[in-house]
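Student: Sequence:
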Amino acid sequence: FVLGRTSGLYFALYIFVIGCQLLLVGFVASKILPGARSDFLLEVPPFRLPKFSNILIKTAYRVKWFLKEAVPLFLLGTLGLFVATKLGVLKYMEMAGRPVVGLLDLPPETTEGFLLGFLRRDYGAVSIFKALESTRGGLGPDPIQLLVSLVVITLFVPCLASFFVIIKERGPIKAMLIMTFIIPYAFLVGGMLNMILRAF
Numbered sequence: 003f004v005l006g007r008t009s010g011l012y013f014a015l016y017i018f019v020i021g022c023q024l025l026l027v028g029f030v031a032s033k034i035l036p037g038a039r040s041d042f043l044l045e046v047p048p049f050r051l052p053k054f055s056n057i058l059i060k061t062a063y064r065v066k067w068f069l070k071e072a073v074p075l076f077l078l079g080t081l082g083l084f085v086a087t088k089l090g091v092l093k094y095m096e097m098a099g100r101p102v103v104g105l106l107d108l109p110p111e112t113t114e115g116f117l118l119g120f121l122r123r124d125y126g127a128v129s130i131f132k133a134l135e136s137t138r139g140g141l142g143p144d145p146i147q148l149l150v151s152l153v154v155i156t157l158f159v160p161c162l163a164s165f166f167v168i169i170k171e172r173g174p175i176k177a178m179l180i181m182t183f184i185i186p187y188a189f190l191v192g193g194m195l196n197m198i199l200r201a202f
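Whatever position you read off the sequence shown (first residue = 1), add 2 for this note's numbering.
Honestly, I wouldn't trust all of these hints.
Okay, derived cross-link-like pairs now, DSS-like style, lysine-lysine, Cα gap no bigger than 30 Å in a straight line [unchecked claim]:
1) Lys-70 to Lys-60
2) Lys-176 to Lys-93
3) Lys-93 to Lys-132
If you anchor each label on the Cβ, the simulated ranges turn out as follows [what the hints assert, rightly or not]:
4) Glu-135 to Lys-70: 24 to 34 Å
5) Arg-64 to Glu-171: 13 to 23 Å
6) Lys-66 to Thr-182: 47 to 57 Å
No wet-lab data here; the hints were simulated from the structure.
For every residue, glycine included, the Cβ atom is placed at its ideal position computed from N, Cα and C.
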């Protein structure tokens, strides 16, 4: 949706850059943190038409798990956003992040979008799009700025609720290490992409 206002070239570049990062980080991680290989065993089950009752039971189980595990984390993330907004913490974080956003040749208004993207991912991309559009006086967002911002927000930690899930799955120390790597790396990739696109 957000890249729909630009040409297909920018969408192709977006897919290419994100795909390259997945391959690169996966390769480096396999060298730094090698895991034990497991035997690949695949047993093909007999194909049968599923029973409607089994579908209902499994769906109910999945919904129950989601409501029990994920929804409280989403509510906690939303509460964190509400408290940060009311206490003015969001404004101070926005002011602190403006120099970093400036290194990507993005307007200061996009800082709010990155913060919202961490607290509520569904607001982040739309907020950045509106900020870029407003700074161009209704001419539409600069496609390079739009591409760079979307690459950064995609490589970012998905959202606050996801961060809580990482803490639950990996523990607080590993979660903080993951955050310490992901945030600078996302802006580094965005900065390099911006330099390359501006140069060529």
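Student: Does each hint hold? Answer for all of them.
Tutor: To see whether the hints hold, each was checked on the structure:
{"no.": "1", "hint": "Lys-70 to Lys-60", "in the structure": "holds (15 Å)"}
{"no.": "2", "hint": "Lys-176 to Lys-93", "in the structure": "holds (28 Å)"}
{"no.": "3", "hint": "Lys-93 to Lys-132", "in the structure": "holds (18 Å)"}
{"no.": "4", "hint": "Glu-135 to Lys-70: 24 to 34 Å", "in the structure": "violated (40 Å)"}
{"no.": "5", "hint": "Arg-64 to Glu-171: 13 to 23 Å", "in the structure": "holds (18 Å)"}
{"no.": "6", "hint": "Lys-66 to Thr-182: 47 to 57 Å", "in the structure": "violated (35 Å)"}
Checked against the numbered hints listed earlier, the structure breaks hints 4, 6; every other hint is satisfied.
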